[in-house]
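Colleague: Chain A: place on chain W using the hints.
One-letter residues, chain by chain:
There are 2 protein chains.
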Amino acid sequence: MINWKNMDTLAAYQELQNVEPVNLVEAMSGENGAERVRNYSVTMGEGLAFNYGARPVDDKILAALAKLADEAQLTEKYAALYNGEMINTGEKRLVLHQLTRGQLGEPVIADGVDKREFYVNEQKKIAEFANKVHSGEITNAAGEKFTTVVQIGIGGSDLGPRAIYLALENWAKVNDTLKMKAEFISNVDPDDAAGVLSKIDVAHSLFVLVSKSGTTLETLTNESFVKNALENAGLNPANHMIAVTSETSPLAKNEGYMTAFFMDDYIGGRYSSSSGVGGAVLSLAFGPEVFAQFLDGAAEADILAKNPDIKQNAAMLDALIGVYERNVLGYPSTAVLPYSQALSRFPAHLQQLDMESNGKSVNRFGEPVDYVTGPVIFGEPGTNGQHSFYQLLHQGSDIIPLQFMGFRNSQMGTDVVIEGSTSQQKLCANVAAQIVAFACGKEDENRNKYFAGGRPSSIIIGDKLTPKAMGAILAHFENKVMYQGFVWNLNSFDQEGVQLGKVLAKKVLAHDTDGALKVYSELLNI
Amino acid sequence: MINWKNMDTLAAYQELQNVEPVNLVEAMSGENGAERVRNYSVTMGEGLAFNYGARPVDDKILAALAKLADEAQLTEKYAALYNGEMINTGEKRLVLHQLTRGQLGEPVIADGVDKREFYVNEQKKIAEFANKVHSGEITNAAGEKFTTVVQIGIGGSDLGPRAIYLALENWAKVNDTLKMKAEFISNVDPDDAAGVLSKIDVAHSLFVLVSKSGTTLETLTNESFVKNALENAGLNPANHMIAVTSETSPLAKNEGYMTAFFMDDYIGGRYSSSSGVGGAVLSLAFGPEVFAQFLDGAAEADILAKNPDIKQNAAMLDALIGVYERNVLGYPSTAVLPYSQALSRFPAHLQQLDMESNGKSVNRFGEPVDYVTGPVIFGEPGTNGQHSFYQLLHQGSDIIPLQFMGFRNSQMGTDVVIEGSTSQQKLCANVAAQIVAFACGKEDENRNKYFAGGRPSSIIIGDKLTPKAMGAILAHFENKVMYQGFVWNLNSFDQEGVQLGKVLAKKVLAHDTDGALKVYSELLNI
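These protein sequence lines are chains W and A, in that order.
Going by the numbering used here, the first sequence opens with residue 195, and the numbers climb by one from there.
Going by the numbering used here, the second sequence opens with residue 195, and the numbers climb by one from there.
With the rest of the complex left out, here is chain W (with noise of 0.2 Å):
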C-alpha cells in the first residue's frame, strides 16, 4: 500500500534535520578524504561511476536518507510507475517512458494494447524507414539520397534529441556511422527557421514535424515556413516531411506526410528522448543500431534505479542528497558541469527535465507544500566554466552544488601532447582539481586569494561518452528527478505553469487585451 505523504510529515525527514552536517573541508583532506572518495561511488552500468566522495554526507546522513527512502516508499513508487499506475494525477495519465526502452515490471496494458510493444513496434518502423533512407530506397522525388535530417519541434521535442545529436556526432564520425547531418528548428522566431534553411540544402533534406498534439503552435508555424521554402524550390513538401505524433492528432495518416510514427500521453515531453520523438531524428543521423545502443544504456540505468539499497542506487542517492542539499542546507540552485564539449547542450535539456518537473508549489494533490521544491539548474561544459562563472561558483557568497562529469577517453581519439601531457589528460586533471579545490578550499592571508571551501559536488566518471553512455546518463537524471519528485510528493509529470503565458499570448495576437498586456502590446507592435 503506497502512501503519498508531504516531506515535512515523514519522521524520517525530521530526523535527517537534526543529524550533524559534514564539514566537508575536514572530510575531504588528508587520507580520510581519499577514504571518502575510494567509497562514495556507486556503479552507474555502461563503466560509469557515480562518485559522491565529495557531497556534503557521512555515514550518518545517509543512514538518514536510506530511512527517509524507506519511508517515503521511493522503490515502490517507482515500481508502480512502471507497472502502469496512474502517477500523472494532473492529467490522468500513466507514466511510461522507461517501456521505451525496457519492460521493467508486468506488462502495462492500456488503451487495449500491451504498452511495451507498441513502442518497441513504433521503433521498429521508424528503424525500417532509416535503413530504407540510408540505402536510397526512400529518396527525394529525384531519387537522390537525403543527406540532412531536420528536426522541427520545441521544449522536449527539441533539447533532449539535440543534446544527444550533439554529444555523439563527433563519436558517429569517427565510427563511420554519421548516416546524415541533422539540424533542429525551434523558436517561433522566423530567423530560427530562416537561419537553418539558409544552411541547408532542401533539396536532400528530411524534415521530422514533432508535436504530440499535433497543434503545437511553434511547431506548426514552423512546419508552414519549411513547407513555404520547400514549394519555393519546386518541391512537393509531401515528399519531404514525417511526422512523429499522436494516433489520434491531426497529423497522424495525414497525406501531407510520407509517413507518420507514433508516441502517446504518457511520455511526457521532456522525458521523450527514448520514444520515437528522439528515435526518429537519431535512427535517422545515426542508424537505428547506434539508437538501439543508446536504449540498451537507459535501459541498464532503469534496472540499477530499482535497487532499494541507496548506496547501489546512483539515481535515488544522487535524487536524496539533492534533496538534502536544497531543503536542509537551504541551496537555491545546481550547476551541471560536463567536462566535455559533446555534452554542450545536456545541461539545457536537464534544465528543462529538471525545473519543469519539479519546479512547483503544489503536491500531487494539488495542496500547497511548505517547503522549497526543484532548485535552479544551469550549466555549461568544463573547462569553459573555469574561464567564466567558476568565479562565483569558489568565492561568491552563495553555495551551490555541482555536478561534474567526466570520461577517460575522448571520443574522437586526435590529441595532441603538450608540457608532457595529452589535451584529454589536461581536460580531465581540471576536472579532479576542482572537485577538491571547491570541497577543501585554500587558506590565505589574503583574503582575496582565499577559498572557504565547503563547496559540494559529485561527478559521472565514465571510459567514453558512447550511445550506451549517453543513454545511462540520460536515464540516471530521468530517475534522479523522478525520486525528488516522490520525495517532494510533486506531480513531475504536468506543467500547468506553462498554461497561462499561451492564453494572455493568444488574447494579444487577438488584440483582446487591456491594462499593462495592452501597453505592452503597443509598445511591441503587436
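Check each hint, because a few of them may be wrong.
Copies of the same chain are indistinguishable here, so a pair counts whether it falls within one copy or spans any two.
[Said to hold, decoys possible] Quick list of in silico lysine-lysine cross-link-like pairs, DSS-like style, CA-CA up to 27 Å:
id, residue 1, residue 2
1, Lys447, Lys319
2, Lys393, Lys375
3, Lys700, Lys643
4, Lys271, Lys500
5, Lys447, Lys326
6, Lys393, Lys367
7, Lys393, Lys339
8, Lys393, Lys500
9, Lys318, Lys643
10, Lys505, Lys318
11, Lys271, Lys643
If you're looking for bench data, these hints aren't it; they were derived computationally from the structure.
Modeller: Relative to chain W, chain A alone:
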C-alpha cells in the same frame, strides 16, 4: 573625493530596507499597471528602451535607490574609471574597456601612450588587415581567398565574440556583409578542436589566436592542435595564423603568425569584446564597417550611463533594482531571456560577465562583506524557454527576477502568416504575455492551475537586432555589472577565484598529489 564604502554602511541602504515593498500583482493590474508600463521606461539609444514597469519598484523605492546612487557616488566612480584611475585594486590596473569605443572623459595616458589612440590604432590595423583578406590581397600560399575565420580562445576570448557573431550572422547574411564564416575553438577537450577541424577546410581558414598573456594553457594547446592539422595538410601554419595578444607576450613579434594585434592589461577578458579580441574575428567575419557600427552602439550606451539621474540611466537603474531584488527581497538568481534566436549564446556571455565580476565575498580592499553579492545568471531564448524551465519560473518555490529582450522586427525578414499573425508577431505576443503572466498571476480554485504572480521582470525593447543595437545592449550589461560592483563595493575586475583550480590541475599533471586529489586522479586515469 570618492569614498569606497561597504553597502551596509550607507544610510541610504538602511533607508531602502525600510521602504514598503511593492505588491506587484496589484501594481500591475488595471489602468494603474498600464500607467506604470508607460512611465517606467528609459531610452538606451539605438531605438532601444529599457522598460521596468514590471520590476518591484514604485516612486518611493526609486527615490530611495536614487539616494543610494548618490551616496554610493556611482557616477563619480564611473568617471574615475573612465578617467583612468586604478579601479582594479587587486591587480593594480586601470579599467579601460569603454575607451575602445569612445572617449568618455579626459585623455588617459598610461605606459607613456594615449590609450584611446592605442585602441583606435589597433582597430585601424585590424580593419586594414581584414579588408586585405576580403579583397584577396592577403591569401593562403596558393593565392586563394580565405573563407573561414576560426577564433581560438577561452572565457572572455570566446563567449562574447561567439555570442556577438551568432547574434549578427543572419543579419549579415541578408545584408550581404557576411564576408567569412566564423568558428570557435575554446575547450581543452580535444574533441572540441577535432570537431571544428572535421567540418572546416583548413586550407582556406584563418586562425585567430587570442590570449592576452600568451600563456593560456587551453589556447596554446588548441593552437598546437590546429598547427598539427595544418602541417598534416601540407600547409605552413605561419601563413594561416594571426594573434591578438599584449605587446609583451611571447605571441607578439613572433614569426609563427602573419601578424599580431594588441590589447593590454587594462581590458579584462570578459570586457574585451569591443577590443581586438572581438574586433579581429568580427571584422573578418562581417567587415570592419559592421564592427564599427557595433562600437558606435556601445559608445552611445556608455555616454547614457554617465547620467546621474537614475531615471535617465538604464544601466544604473537596472543595477540598482537588481541590488534591491538581491539584497532586500532576497532573490538568489536572475534569468536572461532574449526573445531572439540570434541571441542564443548571449545569456552564456552575461553569465560570465556578471558572475565572474561580482561573484565575490570580499570588498575591494580584500575585507569580507556581510551581504550577498552577485546572483546566479542563466537563460535561454524565448519562446524555447517557455517550453522548458518557465514552469519553475511561474510556479516554483523561489522567485527569480527576469530580464527579457524583444525586437519588433526579425533580422532576416522572411516570415509566414498562420492564424492571422506572423511568426514575429507571435514571438512578440509571447514576451508581452509572459511579462504580465509573471507579474499578475491568475486566481484559480484548482491550486495546480493557480499562479501567485509577483514575479518581477524588465524588458529591453528594440526595433531590430542590428550591430548598433547589439553594441548598446552589450554595453548596457557591462555598465550594469560595473554599477552593481560599485554598490557592493567589490572589485569587479579581478578573478582570484579561478586560480586555485589551475594550481591543483598542474599538480595533478605533475603527479604531485595526495589524499582525495590522488584518488580522483587515479579514477580518471591521469
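Colleague: Using 27 Å as the alpha carbon limit, work out where Lys318 and Lys643 are close: within a copy, between copies, both or neither.
Modeller: neither (58 Å within a copy, 38 Å between copies)
Colleague: Go through the copies and call it for Lys271 and Lys500: within, between, both or neither, with a Cα cutoff of 27 Å.
Modeller: within (10 Å within a copy, 59 Å between copies)
Colleague: With 27 Å as the alpha-carbon cut-off, assign the pair Lys505 and Lys318 to within, between, both or neither.
Modeller: neither (36 Å within a copy, 62 Å between copies)
Colleague: Please sort Lys271 with Lys643 into within, between, both or neither, judging by C-alpha distance up to 27 Å.
Modeller: between (48 Å within a copy, 25 Å between copies)
Colleague: Using 27 Å as the alpha-carbon threshold, which applies to Lys393 and Lys375: within, between, both, or neither?
Modeller: Answer is both: 12 Å inside a copy and 11 Å across each meet the 27 Å cutoff.
Colleague: Regarding Lys393 and Lys339, is the shortest C-alpha distance of 27 Å or less found within a copy, between copies, in both, or in neither?
Modeller: both (18 Å within a copy, 21 Å between copies)
Colleague: When no copy is named, should Lys447 and Lys326 be tagged within, between, both, or neither for a Cα gap of at most 27 Å?
Modeller: For Lys447 and Lys326, only the intra-copy Cα distance (20 Å) is at most 27 Å; the inter-copy one is 57 Å.
Colleague: When Cα atoms must be at most 27 Å apart, do Lys700 and Lys643 count as within-copy, between-copy, both, or neither?
Modeller: between (53 Å within a copy, 18 Å between copies)
Colleague: If the cut is 27 Å between Cα atoms, do Lys393 and Lys367 qualify within a copy, between copies, both or neither?
Modeller: Close inside one copy (20 Å) and across copies (10 Å); limit 27 Å.
Colleague: Can you give me the call for Lys393 and Lys500, within, between, both or neither, at a CA distance of at most 27 Å?
Modeller: neither (45 Å within a copy, 42 Å between copies)
Colleague: Tell me, please, which holds for Lys447 and Lys319 at an alpha-carbon limit of 27 Å: within, between, both or neither?
Modeller: For Lys447 and Lys319, the Cα distance is within 27 Å only inside one copy (15 Å; across copies 62 Å).
Going down the numbered hints, you'll see the structure goes against 8, 9 and 10, while the others check out.
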